[in-house]
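S.K.: In case you want the letters, here they are:
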Amino acid sequence: MSVAEQEFNHMFGKDPYSIPLEDYDVSQPELFMSGTELPYFERLRKEAPVHYCKDSENGPYWSVTRYKDIMEVENNPAVFSSEPSITLVDPDPDFDISMFIAMDEPKHGDQRKTVQGIVAPPSLAVLEPVIRERIVGILDTLPVNETFDWVDKVSIELTGQMLATLFDFPFEERRNLTYWSDVATTIPGPDALIQSIEERQNILLTECLPAFTKLWNQRVNEPPKGDLISMLAHGKETRDMGPMEFMGNLMLLIIGGNDTTRNSLSGGVLFLNQNPDQYDKLRANHGLIPKMIPEIIRYQTPLTHMRRTATEDYVLQGQNIKKGDKVAMWFLSGNRDSEVIENADDFIIDRKLPRQHLSFGFGIHRCMGNRLAEMQLRVTWEEILKRFEKVEVVGEPVRNYSPFVRGYAELPVQLRPLAK
Amino acid sequence: MTKITFVKHDDEEIVVDAENGTSVMNAAVDNLVPGIDADCGGECACATCHVYIDEAWFPKVGNTNDAEEAIMSLNPDRQETSRLCCQIPVTDEMEGLKVRLPEFQF
Ligand code: HEM
Ligand code: FES
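Chains as they are written, first to last, in my numbering: chain A, 1 to 420; chain B, 1001 to 1106.
Hints are computed from structural coordinates only; laboratory data are not their basis.
Heads up, a few of these hints could be off.
For lysine-lysine, the following BS3-like pairs were computed, each having C-alpha atoms within a straight-line distance of at most 25 Å [unchecked claim]:
hint : chain 1 : residue 1 : chain 2 : residue 2
1    : A       : 291       : B       : 1003
2    : A       : 68        : A       : 14
3    : A       : 291       : A       : 352
4    : A       : 113       : B       : 1008
5    : A       : 153       : A       : 390
6    : A       : 386       : A       : 153
Using the sequences plus the hints, can you model the full thing?
M.R.: In structure tokens form, the structure reads like this:
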């Protein structure tokens, strides 16, 4: 069978211990859509913590699955480069939107420095009341004791409003932000949001780029203010960016702040329903919310992995990684590594060291929006608990078809109001 | 035990007893000093234990290592006497050390 004809979906539905390790390919989306991926990673952690997959949809790649080994890779950006891509898919040379998440030093640092301020704790203190007001606005219009989709009505709506606030983007058009983010991250296919890579490029170039260019032109002629587009338009390191780089930076902030937060919002509801003892604990003590949020983010691991590319030969756990090889750091797996995290498979909302998880990565590329994400989730849960006895999951969640963005397309729920 | 003073950005001082052999970050976390989250637990990989060392003390706390420099250099509010305090071991010589907690970490 030629590579082109080969179907890369032989893992799904099989006992993880029946497949020979040399045939393992944990990047197959069926595993994630069915919610059956974790036992495969468990086996890799135990038996082949640095594992070579000889072929996949995106060619050969290494999987690093233990917490400490992931840390070693994260902390060595000179050997483990973020260029040319941070997913296993290689970038299309004709459509190279460049984002600093996929750049090495010094360019990465120069660009990150210009935008980092907007999501640093002092700016967050200013944003928090605005965000709370938006969240209250959404929660107060939800139907009670009636089935609806939490993903659409709450998770997407909330993150969409949040992004519009951060960019000072026209509020009525906010769903475009969600849409472009989905366009950029969906795997193209006959039943998918987009059918082909060409369609993706077309949408981003003819809809997204012009909309943002218009805003850029507006902001560049106004005095600097606190939204992200204004910051980019006036920043010393960013004001001379070319259009692809400009769009890259914007897409990075949209994608970064969209799927990840959205799926954590849905995941939290699901985990509390699966663990009623934890929900009880939370109801009895709202003071646990700040500790629960990082636990939700760990347990969800909204981005399952980041890719690096070796710039030279390197030996990791006795395995010979060769210059040019793709290396996937599976945060999802490291977050379930019981050598570092006690009872890692359990969802426990009052852990002693809740921020000890890999969901935001570590090292120089560590998520820039981590405190913003935590704040959004914290405020949302504070307001949920003030109103509802329970957000009850009343049907099976529909999971994403993606080995990268781990989350939910649908989550049917009913709200139970607090007894008066 | 060694006395270390953390000065908040509003000038409030918090004096703690630090155990020798641990790090200044551990001393902060063990004593619930605000503004030192230390997400990575001291692996020099998160930069949430950033402090400004008192000028007079700066030469005495040792050199900034490469990994520390790499991650601190991303911060626009980094100063001459910035350090990641998980990289500073507590020893007898540190008695009386004074460090400031940057506002961006609150
Ligand atoms: C729960 C929510 C979030 C999760 C799980 C998450 C996860 C991540 C991960 C895994 C990385 C790469 C880290 C690495 O390579 O080591 C990253 C980078 C990044 N994230 Fe997030 N993120 C979240 C929310 C946000 C938000 C709200 C923003 C918006 C401001 C954001 C903006 C970014 C940016 C700009 C980068 C690139 C940083 C760099 O390369 O220096 N993220 N995020
Ligand atoms: S605790 Fe993470 S860098 Fe010091």
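S.K.: Determine for every hint whether it applies to the structure shown.
M.R.: Each hint tested on the structure:
no., hint, result
1, A:291 with B:1003, "violated, 30 Å"
2, A:68 with A:14, "violated, 29 Å"
3, A:291 with A:352, "holds, 8 Å"
4, A:113 with B:1008, "holds, 24 Å"
5, A:153 with A:390, "holds, 16 Å"
6, A:386 with A:153, "holds, 19 Å"
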